[in-house]
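Undergrad: Residue numbers (our numbering), protein chains in the order written: chain X, 1 to 66; chain A, 67 to 583.
None of these hints come from the bench; they were simulated from the model.
Keep in mind the model is a prediction, meaning the values are calculated, not measured.
Hints may contain errors.
Using C-beta positions, here's what the derived DEER-type ranges look like [what the hints assert, rightly or not]:
id, chain 1, residue 1, chain 2, residue 2, range
1, A, ALA260, X, LEU49, 54 to 60 Å
2, A, ALA120, X, GLY24, 52 to 58 Å
3, X, GLU64, A, SER214, 54 to 60 Å
4, A, ALA354, X, THR44, 53 to 59 Å
5, X, ASN31, A, LYS500, 49 to 55 Å
6, A, ALA354, X, GLY24, 44 to 50 Å
7, A, GLN316, X, GLY24, 45 to 51 Å
8, A, LYS500, X, GLY24, 54 to 60 Å
9, X, SER11, A, SER557, 29 to 35 Å
10, A, LYS451, X, SER11, 32 to 38 Å
11, X, THR44, A, LEU68, 30 to 36 Å
12, X, GLU64, A, ASN387, 46 to 52 Å
13, X, ASN31, A, THR317, 46 to 52 Å
14, X, PRO33, A, LYS324, 54 to 60 Å
Covered stretches of chain A (in silico footprint by chain X; criterion: 3 or more residues with CB under 8 Å from a CB of chain X, positions within the stretch not fixed) [said to hold, decoys possible]:
id, region
15, 362-371
16, 450-458
17, 521-527
Glycine included, every Cβ here is placed at the ideal spot set by N, Cα and C.
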Amino acid sequence: MIITGTVTRKSIAGGFWAIIGDDGQQWRPTNLPKSLQKDGKIVTVNARLAEEDMSIFMWGTAIEII
Amino acid sequence: MLIYIYAISFIVSLSGLIGWFYAEEHAKRTKAFSTIFLGGFFVYLFSLAFAEVAFEQKLWVLFRDLIVLGLTSQFFSFFKKNKAIFFGLLAILYGFIGAKYFSFLTNSLNEKSKTETTENNSTIAALADNGELLVEVKDGEQIIDLQSIIEKYNLKYQIAFPQIENSDITDLDDYYLINIPDEWEGKRSVIVRALNESGLVDWVENNEVLNVSPMRSNPTKINRPSYGVNDPGLGNVWGFDKMQMSKLYQTIQTKKLKPKKKALVVILDTGVDADHEDIKGNYKKIRAKYGIDQHGHGTHCAGIAAAVSNNKIGIASFAPNNGFYKVSSIQVLSSSGSGTQQGIIKGIIEAADNGGDVLSLSLGGRSTDSKQRAYKKAVDYARSKGCIVVVAAGNSNMNAKDYAPANTPGVITVSAVDEVLNKATFSNTIQDLKMGIAAPGVNVYSTIPNNGYDAWNGTSMATPYVAGLLGLMKSINPDLTTEEAYEVLKSTGIDSGSTELTGKFIQPQKALESILK
C-alpha cells in the first residue's frame with residue numbers, strides 16, 4: 001500500500017518514528033530509513049502491514065516499508 | 067554589565083557638571099557640557115533604576131552620588147579662574163577615580179553579594195558539619211534570584227561543587243549549598259517548600275556530607291526530607307508527591323509492618339537489566355536470559371515498580387526497606403520492543419508458574435475477538451494461581467476496549483496522567499472497562515540499562531506503578547484477589563482531571579491502610 005503523510009517523532013515508550021497519514025491514520029514504520037527520520041518531513045512510502053502484533057508502543061498500526 | 071554602565075555614566079555626569087561650571091561664561095561650551103551632564107545623568111538614573119539591589123539601597127546610592135556630584139562640582143568651580151590649579155585637581159580627581167572610586171562605585175551596587183560571599187567563605191567548614199540544604203538552581207536562573215527567601219531566613223549560600231572542570235557535561239555546577247542559621251533550623255521544611263515553590267530550583271534536598279563525586283557512586287547521607295529515604299534521584303520523580311509516598315513510608319515504619327510473604331512482581335517486557343545498581347538488590351531470577359535488556363523499556367518499568375529504596379542511589383519504590391516484594395523479568399518482547407501474542411501468553415503462564423503475584427504488562431496492540439479470547443484464557447490461568455495481572459491501557463488516545471490485553475476481562479488496566487493529574491494526551495481511556503485505574507505516565511524518571519536513569523512517557527510507565535503498589539499489598543495480604551485489590555485502589559484513589567476517562571489516581575498509603583483494617 002502507498003502511504004503519504006508527515007513523519008513525526010513520538011516521545012512515548014522511549015520514543016519512535018511515526019507517519020501521520022494525510023487522512024489522519026497513525027502509522028508506525030518499524031524500519032523507517034534514516035534519511036526519512038526528520039520531524040515534519042512529508043513522505044510517500046510503499047509499505048505493508050508488519051507481522052508484529054504486540055508492542056511496547058501501543059500506538060498506531062505497525063508497517064514495514066518495502 | 068549594568069553596574070559598569072552605572073559607574074561610567076556617573077563619571078560622565080560628574081565630568082559634564084564640572085565642565086558646565088567651568089565654562090558657564092561661554093555659551094557654546096556651556097551647552098556642550100550641559101548636554102554631556104544631562105545625557106550621562108539620564109543613563110545613570112536608568113542604570114540605577116534597573117540595578118539588582120534592594121530599593122532602599124538604590125535610594126542610598128542616589129543620595130550619596132548626588133552629594134558627591136554637587137560638592138565636587140562646587141569645589142572645582144572655586145578654581146575655575148586658575149587653570150593650573152583647576153586642571154591639576156582634575157588630574158588628581160581622575161587618578162583617584164581610576165585607582166579607587168570606579169571600583170567603589172561598582173561595588174556599591176554589589177555590596178550585598180560581596181558581603182555574603184565573604185561570609186560564606188568563612189563558614190565552609192561549619193556548613194559541611196551541619197545539615198544544610200543542597201539546591202539545584204534551574205538552568206538559566208541565578209541563586210541571587212532567590213534573594214527574597216535568602217533574606218527572609220538569613221540563609222547563606224555557596225557553590226556546592228566549585229571543583230568541576232567540565233561544567234558543560236554536568237548539571238552539578240547548578241548546585242548550591244545553603245546553610246540555615248540556628249534560629250531558623252526549626253523552619254527547615256518551610257524553607258524547603260518555599261524554595262521548591264519558587265519555580266527557580268529543580269531540586270532541594272538535605273545534605274549532610276558534601277562530596278563532588280557523582281551521586282550514585284557516592285555514599286552520602288543525602289535525604290529528601292519529605293519522603294524519609296535517601297535516594298537522590300527522587301527529586302526527579304514527581305509522582306511521589308502526587309502519590310503521597312511519604313505518608314506510605316511513614317505508615318509502614320510507624321506500624322512496623324512486616325510482610326506475610328515476600329511477593330513477586332514480574333515484568334513481562336523486553337527483559338530487565340538485572341545488574342542495574344538500583345534493581346539488583348530487589349531482583350529475583352527466573353531465567354538468566356531474562357536478566358538482560360537490549361531495549362531499555364523493561365528496565366525502566368522494573369525500576370518504577372521495584373527500584374531498591376533507601377540505598378543512596380537513584381530512585382525508590384513502594385517499600386522503604388525493600389523487604390516486602392521482589393521483582394523479576396520474563397522477556398516476551400524483542401530488543402525492538404515488539405512481540406507476538408503467543409510469546410506474551412507463554413510469558414503469562416511462565417510467570418504464574420514461577421510464583422508471580424503481580425504480572426505487569428506494559429504492552430499491547432489492537433484487539434480482535436480471537437486475541438481477546440486467547441488472552442482471557444491466559445489471564446484466567448494466572449488468576450487461578452493467585453496472580454493479579456496489570457496491563458497498560460495503550461498510547462493512542464483511544465478507547466482501551468479496542469486494545470488487547472488491556473481489554474481482557476480480569477485484568478486491571480492502567481491509564482496515564484501527567485504532573486497535574488490530567489489524562490496524558492496519548493493515554494487510552496478506560497471508561498468501558500471494568501477495572502481501570504490511573505497512575506503517573508508522563509515524564510516518569512526511572513532506571514535504564516547500564517546503571518542509567520531517564521524520564522520516559524507512556525501508559526507503560528503508569529502500569530508498573532500500580533504493579534509495584536499491588537506487590538506491596540499482596541505481601542501484606544497474599545490472598546488479595548484482583549477484584550478486591552481493584553476495589554481498594556478505586557475507593558482510596560483520588561480524582562484525576564477526567565476520572566471517567568482515566569479511573570481514579572492511586573493513593574498508596576490509603577490503599578495500604580484499607581487492607582490493614
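Undergrad: Of the numbered hints stated previously, which ones are contradicted by the structure, given in increasing order?
TA: 4, 5, 8, 11 and 16
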